[in-house]
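Visitor: In case you want the letters, here they are:
There are 2 protein chains.
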Amino acid sequence: MANIKDVAREAGVSVATVSRTFSGAQFVSPEVRERVITIAGRLGYRPNAVARSLRTENTRTLGLVIPNVMNPFFTAVARAVEDAAMERGYSLVLGNTDEDPEKEARYIDVLLQKRVNGLIVSPARATSWHLSEVERAGVPLLFLDRYVRDVDAPVVRADGSAAVDRLVEYLLKLGHERLAVISGPPETVSGGERLGAFIEGAALRGISVPEERIVIGDFRRQSGRRAMRELLELKEPPTAVFVANNLMALGALQALEETKVRIPEDISFASFDDVSWFPLVNPPVTAIAQPVEELGVAVARMLPEMAEGGERQESVVLKAELVIRGSCKRV
Amino acid sequence: MANIKDVAREAGVSVATVSRTFSGAQFVSPEVRERVITIAGRLGYRPNAVARSLRTENTRTLGLVIPNVMNPFFTAVARAVEDAAMERGYSLVLGNTDEDPEKEARYIDVLLQKRVNGLIVSPARATSWHLSEVERAGVPLLFLDRYVRDVDAPVVRADGSAAVDRLVEYLLKLGHERLAVISGPPETVSGGERLGAFIEGAALRGISVPEERIVIGDFRRQSGRRAMRELLELKEPPTAVFVANNLMALGALQALEETKVRIPEDISFASFDDVSWFPLVNPPVTAIAQPVEELGVAVARMLPEMAEGGERQESVVLKAELVIRGSCKRV
DNA sequence: TTCCTTTGTGTAATCGTTTACAGTAGGATC
DNA sequence: GATCCTACTGTAAACGATTACACAAAGGAA
Numbered sequence: 001m002a003n004i005k006d007v008a009r010e011a012g013v014s015v016a017t018v019s020r021t022f023s024g025a026q027f028v029s030p031e032v033r034e035r036v037i038t039i040a041g042r043l044g045y046r047p048n049a050v051a052r053s054l055r056t057e058n059t060r061t062l063g064l065v066i067p068n069v070m071n072p073f074f075t076a077v078a079r080a081v082e083d084a085a086m087e088r089g090y091s092l093v094l095g096n097t098d099e100d101p102e103k104e105a106r107y108i109d110v111l112l113q114k115r116v117n118g119l120i121v122s123p124a125r126a127t128s129w130h131l132s133e134v135e136r137a138g139v140p141l142l143f144l145d146r147y148v149r150d151v152d153a154p155v156v157r158a159d160g161s162a163a164v165d166r167l168v169e170y171l172l173k174l175g176h177e178r179l180a181v182i183s184g185p186p187e188t189v190s191g192g193e194r195l196g197a198f199i200e201g202a203a204l205r206g207i208s209v210p211e212e213r214i215v216i217g218d219f220r221r222q223s224g225r226r227a228m229r230e231l232l233e234l235k236e237p238p239t240a241v242f243v244a245n246n247l248m249a250l251g252a253l254q255a256l257e258e259t260k261v262r263i264p265e266d267i268s269f270a271s272f273d274d275v276s277w278f279p280l281v282n283p284p285v286t287a288i289a290q291p292v293e294e295l296g297v298a299v300a301r302m303l304p305e306m307a308e309g310g311e312r313q314e315s316v317v318l319k320a321e322l323v324i325r326g327s328c329k330r331v
Numbered sequence: 001m002a003n004i005k006d007v008a009r010e011a012g013v014s015v016a017t018v019s020r021t022f023s024g025a026q027f028v029s030p031e032v033r034e035r036v037i038t039i040a041g042r043l044g045y046r047p048n049a050v051a052r053s054l055r056t057e058n059t060r061t062l063g064l065v066i067p068n069v070m071n072p073f074f075t076a077v078a079r080a081v082e083d084a085a086m087e088r089g090y091s092l093v094l095g096n097t098d099e100d101p102e103k104e105a106r107y108i109d110v111l112l113q114k115r116v117n118g119l120i121v122s123p124a125r126a127t128s129w130h131l132s133e134v135e136r137a138g139v140p141l142l143f144l145d146r147y148v149r150d151v152d153a154p155v156v157r158a159d160g161s162a163a164v165d166r167l168v169e170y171l172l173k174l175g176h177e178r179l180a181v182i183s184g185p186p187e188t189v190s191g192g193e194r195l196g197a198f199i200e201g202a203a204l205r206g207i208s209v210p211e212e213r214i215v216i217g218d219f220r221r222q223s224g225r226r227a228m229r230e231l232l233e234l235k236e237p238p239t240a241v242f243v244a245n246n247l248m249a250l251g252a253l254q255a256l257e258e259t260k261v262r263i264p265e266d267i268s269f270a271s272f273d274d275v276s277w278f279p280l281v282n283p284p285v286t287a288i289a290q291p292v293e294e295l296g297v298a299v300a301r302m303l304p305e306m307a308e309g310g311e312r313q314e315s316v317v318l319k320a321e322l323v324i325r326g327s328c329k330r331v
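Chains as they are written, first to last, in this note's numbering: chain A, 1 to 331; chain B, 1 to 331.
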């Protein structure tokens with residue numbers, strides 16, 4: 001591809017003039033500008049962003065490291081972040097960790113090597129060495145949904161505890177006593193928080209959730225399905241089950257469908273994360289909705305600010321909300 | 001952040017030696033190598049990929065330009081492509097065009113400036129100037145799902161015509177005569193193909209689809225909802241409706257839910273694109289399934305090959321398949 | 001006329017790597 | 001003892017832009 005020298009030679013000017021023509025801001029006479037632009041067009045010249053980045057120490061690139069885009073929650077934030085990035089002239093490079101700290105570390109390393117201007121991470125574990133590396137490298141960091149305790153960076157997330165507590169209250173009011181939970185990995189912030197809030201909420205009201213009715217999944221579909229089957233095979237199966245995210249909820253619903261267990265007649269069902277199709281299934285699924293849009297907007301607002309080295313951003317913690325539909329019934 | 005010179009100075013060697021230590025391949029004595037690595041670790045040195053890319057003319061980056069990640073079809077391919085990219089040491093930068101040729105052009109321009117090693121595009125229109133630019137720039141290009149006629153690049157897609165034809169056959173066999181279609185933009189390859197196959201399939205069997213029962217949407221949710229409402233308000237509403245993608249299907253289902261029109265009693269319903277939750281709604285939705293996985297695998301296989309400048313890849317055209325569930329009924 | 005300012009342009013250093021080329025030291029070979 | 005490898009290491013020139021600095025021309029002010 002043609003480079004700045006080719007254009008300069010062809011147009012009979014210096015490379016400086018060509019550079020100025022394209023980076024704007026500086027004085028270039030209209031005639032020269034015109035000529036440079038036509039020549040550039042003819043040669044198919046396109047400024048080399050790599051060289052530009054090297055010189056200006058600015059890649060205009062952001063990194064987004066999440067467990068999995070296939071999770072509708074992360075799909076939505078990925079979309080929101082990408083929009084915001086594009087709008088301010090940044091590109092977004094994406095990484096799926098599958099909750100694997102190793103993979104997460106690899107992505108972060110690559111992104112640091114690529115000298116991204118900022119990093120948005122939803123870490124797999126509550127402690128993590130490679131995220132301190134980001135701090136050390138001085139790259140702006142933003143935690144999304146989850147965070148790492150010993151790293152000092154702003155967090156954008158929704159607090160689910162209150163909503164989970166309200167859900168427990170609701171289930172108990174409906175007369176349920178045999179509660180079950182399909183949890184995500186307790187070592188993740190969101191996994192631990194949801195499980196903790198559920199168990200404590202129940203305990204607080206005099207109901208204990210025995211170990212065999214706490215199944216730990218990995219936030220992915222298949223684990224939800226397995227977990228639900230496991231619960232159904234108990235000698236004393238639960239009368240109500242809470243699933244800790246949308247992907248596992250999908251799996252659990254499939255298991256229920258396959259085993260012909262009816263909701264809510266045979267079992268009451270509720271999920272963390274609301275998704276677009278929950279109102280459409282039969283019965284419509286009661287769920288805890290995270291303010292996905294608002295989270296995306298918050299990230300969008302903070303990120304460029306950080307990338308441009310503005311002042312330290314404050315964390316944003318929004319509230320998740322219980323949306324009652326038809327999947328829970330009085331026992 | 002520390003650079004190669006800092007490490008070289010601190011370790012008492014030349015930059016060449018440091019470079020060789022990190023890029024492997026070359027001879028570096030074990031003691032020196034060891035020393036360089038510890039020093040680098042101490043200084044938090046991380047090779048600058050920008051500089052490396054400039055020198056080697058290789059960014060190890062791929063661009064993926066799609067209409068919208070929120071469309072489950074594209075979410076799945078994005079995931080598959082990202083996996084394949086990561087596995088071979090490439091990063092993926094993502095762009096959502098919202099079916100807007102302007103936005104598409106902007107993304108492509110940025111990605112070319114960034115000197116990506118390859119580009120996967122699902123173009124908004126069947127003709128497009130900026131995609132010829134990619135060709136001219138000599139950047140490996142792969143079309144996904146849709147393509148541009150006058151640009152010579154391999155395509156990975158599923159042909160839906162046969163499946164749509166089978167759907168029409170099925171609907172007519174059930175006795176439907178008042179067919180309707182909620183189509184995507186006919187100027188996209190997939191939009192045109194699905195609409196065309198539907199109308200021709202009906203015509204071939206002696207049924208015509210009048211203009212008022214052909215509503216053109218934009219492949220997005222809201223347009224599906226609007227379109228369905230429009231169809232329901234006809235003096236002669238359809239007895240069966242075919243929606244041309246999953247997002248519009250979601251919208252249409254919402255409209256049906258809101259207006260309390262029952263499926264399949266009041267109207268038969270079928271959609272292009274199968275999604276994970278279609279089996280779970282009431283009744284389970286009859287749909288045409290694209291082999292998403294296989295498409296992803298095909299892209300994954302071809303892409304690195306292209307990026308590394310291997311031989312020209314052949315197009316891959318798979319078949320979509322009609323999955324009959326419970327949303328269509330005999331009139 | 002002289003001097004200053006404004007506008008436009010060029011020269012060359014720089015960003016952080018890779019890599020061709022050259023050189024050195026030590027051991028093996030003749 | 002001369003010669004030739006082999007294994008390592010260093011020097012310096014790229015890669016393609018940006019930008020500080022210098023300078024020239026033109027116009028206005030004194």
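If you're looking for bench data, these hints aren't it; they were derived computationally from the structure. In this text the structure is predicted, and so the values were computed from the model without any measurement. It is possible that some hints are incorrect.
[Said to hold, decoys possible] Here chain B is said to cover these stretches of chain A; the calculated rule only asks that three of the stretch's residues, wherever they fall, bring their Cβ under 8 angstroms from a Cβ of chain B:
| # | segment |
| --- | --- |
| 1 | 59–73 |
| 2 | 110–117 |
| 3 | 171–183 |
| 4 | 192–206 |
| 5 | 260–271 |
[Unchecked claim] List time: in silico EDC-like cross-link candidates among lysine to aspartate or glutamate, alpha-carbon distance up to 16 angstroms:
| # | chain 1 | residue 1 | chain 2 | residue 2 |
| --- | --- | --- | --- | --- |
| 6 | A | Lys260 | A | Glu294 |
| 7 | A | Lys319 | A | Glu193 |
| 8 | A | Lys103 | B | Asp83 |
| 9 | B | Lys319 | B | Asp159 |
| 10 | B | Lys260 | B | Glu211 |
| 11 | A | Lys319 | A | Asp165 |
| 12 | A | Lys103 | B | Glu177 |
| 13 | B | Lys329 | B | Glu177 |
| 14 | B | Lys103 | A | Asp83 |
| 15 | A | Lys319 | A | Glu294 |
| 16 | B | Lys103 | A | Glu87 |
| 17 | A | Lys329 | A | Glu233 |
Virtual Cβ for every residue (Gly too), placed ideally from N, Cα, C.
Visitor: A separate judgement is required for each hint: does it hold in the structure or not?
Guide: Going down the list of hints, with the structure as the test:
1. Restraint check on the segment 59–73 of chain A versus chain B: 5 residues with Cβ-Cβ distances below 8 angstroms, three needed, restraint holds.
2. Residues of the segment 110–117 of chain A lying with their CB closer than 8 angstroms to a CB of chain B number 6, which satisfies the three-residue condition for coverage.
3. Restraint check on the segment 171–183 of chain A versus chain B: 0 residues with Cβ-Cβ distances below 8 angstroms, three needed, restraint violated.
4. Given a C-beta distance limit of less than 8 angstroms, the hint that chain B covers the segment 192–206 of chain A is violated, as 0 residues qualify and 3 are needed.
5. Check on the segment 260–271 of chain A: 0 of its residues sit with their Cβ under 8 angstroms from a Cβ of chain B, so the three-residue criterion for coverage is violated.
6. Note on A/Lys260 and A/Glu294: the hinted pairing is violated, with a Cα-Cα distance of about 38 angstroms set against a maximum of 16 angstroms.
7. The suggested pairing of A/Lys319 with A/Glu193 holds, with an alpha-carbon distance near 13 angstroms, which does not exceed 16 angstroms.
8. For the proposed pair A/Lys103 and B/Asp83, the alpha carbon gap of about 11 angstroms is at most 16 angstroms, so the pair holds.
9. Taking the CA atoms of B/Lys319 and B/Asp159, the gap is about 5 angstroms. The hint holds against a cut of 16 angstroms.
10. At most 16 angstroms may separate the alpha-carbon atoms for a hinted pair to count; B/Lys260 and B/Glu211 exceed this at roughly 25 angstroms.
11. Restraint check: the Cα-Cα separation between A/Lys319 and A/Asp165 comes to about 12 angstroms, which is no more than 16 angstroms; the hinted pair holds.
12. Pair hint A/Lys103 plus B/Glu177 does not hold up; C-alpha atoms about 54 angstroms apart against a cutoff of 16 angstroms.
13. In summary, the hint linking B/Lys329 to B/Glu177 is supported, as the alpha carbons are separated by about 13 angstroms, within the 16 angstroms threshold.
14. For a cut-off of 16 angstroms, the pair hint linking B/Lys103 to A/Asp83 stands: about 11 angstroms separates their Cα positions.
15. For the hint linking A/Lys319 to A/Glu294, the alpha-carbon distance of about 10 angstroms falls within 16 angstroms, and the restraint holds.
16. Among the hinted pairs, B/Lys103 with A/Glu87 is consistent with the structure: their alpha-carbon atoms are about 11 angstroms apart, no more than 16 angstroms.
17. The straight-line distance between the Cα atoms of A/Lys329 and A/Glu233 is roughly 21 angstroms, outside the 16 angstroms bound, and the hint therefore fails.
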